[in-house]
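S.K.: In order, the protein sequence lines correspond to chains W and Y. For the first sequence, position 370 (counting from the first letter as 1) is numbered 370 according to the numbering used here, and the numbering increases by one without interruption. For the second sequence, position 359 (counting from the first letter as 1) is numbered 359 according to the numbering used here, and the numbering increases by one without interruption.
Quick caveat, the hints were computed from the structure, so don't treat them as lab data. Just so you know, these numbers come straight off a predicted model, no measurement behind them. Where hints are given, some of them may not hold.
Pairs count within a copy or across copies, as identical chains cannot be separated in the list.
Straight-line C-alpha distance at most 20 Å; calculated SDA-like pairs for lysine to any residue [what the hints assert, rightly or not]:
hint: 1; residue 1: 444; residue 2: 312
hint: 2; residue 1: 199; residue 2: 266
hint: 3; residue 1: 444; residue 2: 456
2 protein chains.
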Amino acid sequence: MENELRAELLLSGVPRDPKALDALVPGLAADAIARAVGSRGEGRLAEWKLEGDTLTLLLQSQGARPHQALLSIVRRLGEELGRSQKVGVRSFRALRYRVEFSVDPAPEKPISIPIPHTLSFQGTRATLELTDLSEEGLRDNWVDRVVQLVAEKAKRQSYTGKEQYWSLLQQSAPKDHPGKTDPTEEMLKRLWVRSGPTKGKWFLGPTVAHLLRTMERIARQEVLEPLGFMEVVQPHHDSFDILLKTGHLEGLPGEFYYVAEPTTRDPAAWERFTDLVKITRHVPDDELRRLVGPPSAVSCYAQCPTIYWWLSGRTIATTSLPLRIFDRSAVSNRYESGGRHGLERVDEFHRIEPVFLGTPEQLLALREELLRRYAYVFDQVLELEWRTAWVTPFYMQQAGGVGVEDATARIKGTIDYEAYLPYRGDRATSEWLEFQNLSIVGDKYTSAFTIRAQKGELWSGCSGIGLERWLTTFLAQKGFDPKDWPARFREHAGPMPTDVQFL
Amino acid sequence: MENELRAELLLSGVPRDPKALDALVPGLAADAIARAVGSRGEGRLAEWKLEGDTLTLLLQSQGARPHQALLSIVRRLGEELGRSQKVGVRSFRALRYRVEFSVDPAPEKPISIPIPHTLSFQGTRATLELTDLSEEGLRDNWVDRVVQLVAEKAKRQSYTGKEQYWSLLQQSAPKDHPGKTDPTEEMLKRLWVRSGPTKGKWFLGPTVAHLLRTMERIARQEVLEPLGFMEVVQPHHDSFDILLKTGHLEGLPGEFYYVAEPTTRDPAAWERFTDLVKITRHVPDDELRRLVGPPSAVSCYAQCPTIYWWLSGRTIATTSLPLRIFDRSAVSNRYESGGRHGLERVDEFHRIEPVFLGTPEQLLALREELLRRYAYVFDQVLELEWRTAWVTPFYMQQAGGVGVEDATARIKGTIDYEAYLPYRGDRATSEWLEFQNLSIVGDKYTSAFTIRAQKGELWSGCSGIGLERWLTTFLAQKGFDPKDWPARFREHAGPMPTDVQFL
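Let the sequences and hints guide you as you build the complete structure.
M.R.: Put into structure tokens, the structure is as follows:
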């Protein structure tokens, strides 16, 4: 049979009447297997043996995995033996757990798994044997997750080196652009921004802060408020629990800034640290390591995970749907490493994230309205050269979900907004800047966070408005002379501040 | 003599002509001592000895410390020996460095120092002997910092248990308050806020977010903009370098949230981590520890340190003074541990920090204007019961600075704003809530960050506007019925949002 589980149960003592188990174990196992496997397949207790306080069982099955049966055997055997023989089941584990399954395509390179195992393939047929799988691993269904991981890794091998899915939706007409230079270079030259003090972060002086706030105001007044979005203010530390639920922690762990708490706030415990700082004017690394705990959260990566947490376990009244929410208070942090470039690709940025929940029909209608409002802003207020494309986002590739091959194609999925940056060269060949996006994600998150509608299905979606990217796109195309700026933008901007004069 | 330094210099080889040192060392030392000690005291080379490649020196001095002389001896001896004997000074250290100095008052309890030493007292007279002090410690003047630390610890022993300095400046008349309840309890009951997902952080739903933004708008429109403050947008990670300069890292290390970067962004390096997350749905702590570096920065504690960093090394034109700046983008994080209470005392809050730089006269005039504007807001817009007090702030106690005993009393220093919270009980005996402050700090930070004015002295000051505290103060006094709210506040607030309806 395709599944075979050899389990070892350690009893709390040697049964007083070992023979009684002959009558007990086979029947109890047959019953548990029948109920666990059900109509999906078949299964049997192939062997069993009691030696002293150790009971070994060999379960085989076809069509469904046998560890659910094992859990049931453990529970019921514990009850029976407790009553009749005054011993219980102290612990159990799988000595070996072999499963067979298919992958597509057959992998060309080895596949690694971080728990003890052997793995072999005959074409697309995989044979996986986990060894010494713990009680926790059995209870928590690790075997199915390992099977899924192997399938995912086999599939990803065939994707490696291939391009992200990208399909043009709509493109504005080419424009003549007064802007010719890299806007970050120009802002640095004018001392309008300063780079630092930590990696990929920028200090925006009065002029650039004013322009960034103008972009924020345009997004709010021209897009969000007319469509009934309400502001919330959310914490900007994301807990690990939240990111486990959304899948971000498995998809992007190398892109987070991690947050760690002091192990104590007591000044006496910190005295040696503070004394060393006072004497040496350096941070004593060993002391700090001793006094700061392991990472326990991350600095906001995107806002939607915590918005879903806010609604978790709650049922939203029909009158509040579609629920339209946005946050602009949590500052986004992403560890960009080598990919940084000026204000276009930074480790810290200011992002408005609208999140919306409703029936599929409500969300499709709302997406149309958002597309129209965004188009108005980019065409009439900022007068940009821009385009939209339908793409497959990274987190869906990494954490499962609905791809574009799905029957619901172009219903669930992401639209990217991209802008031409004249300083990068020819519009046909240069890389355009992704400056915002818009997604409908189905019930992926409402289901993960147990958010319900008073009536019917509840889907969600979100949009990421990157204010630094709106700003650099605008300056790259329109340049730095306000006379070249569109009239409606100038109305929103109002009088520009006098920046600080340095000698 | 009060200072005695026994130093050991390790040469790069045995001098070919050791006798030549008899002519060289005493004169060179006498000259170096004379120049280092100068007119402040006296000093001498009491002993010296060459054994093989090791030269020991005993320097004594009165009125000034002898290690500056040692540094000069090392440098010049290296030059001379290099020229005449082809050997240099490879390294040096103090075997023993004894200094005597006075403290006030005489300490009653032992004083700890985190580097090798002995320390004894005869009344207020301290004798400190550092043993095996490194070259870095000598070059970087650790001895004077240890002396300062001992003096500070002796002084602090006498303060322990005494109250913080607090002197009432001004108090509004008592009012009748519609608000009777703890506002956080009421907001929780209405599902307007949710506590979490990490310690001391709150999610503010639409109604409370609207009220918080109203407070922010009032601060901007009624205080900051009329006084010519310009907004900046600053990074919300503070580097260790900045906090070493401001003194925060020695004063408050147990109150920071620390930030750590991934050691790599490469998905291959994270594969074992992500696989374990996918299989177990838990964060594998050991893997994470391996892949995340030590803390390298902190999440914003207050905004002014990074504002000073922005201006560091720059000279501000007279036309830009007094420079008036504020930030409202960096979210403040403080590890409050046991001290948390509702939205009044939280680990994360939204704070506007105005910072101002100018001549002492400009800052005193600006402080008067700020006091007037704040009074207008609290009396006429929010109609609060509030008071101000002159206090000695914590960081000045911890990191030195100007206290109120100073001749410039009530020029440099901090004014706290406090409000009565009716739910806490009687106004005369209950603890009032500090909801904002206003400080002039002299040249402490302009000097630490080398910020200069085109002409004359440059001082600075700052004010912390705690929006969550404005909000809880207001709700604690005015209650939750908008009919009870002051007319001018209602004008600023505009129409309230319809909050989310949960079943």
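S.K.: Tell me, in ascending order, the numbers of any earlier hints that this structure violates.
M.R.: none
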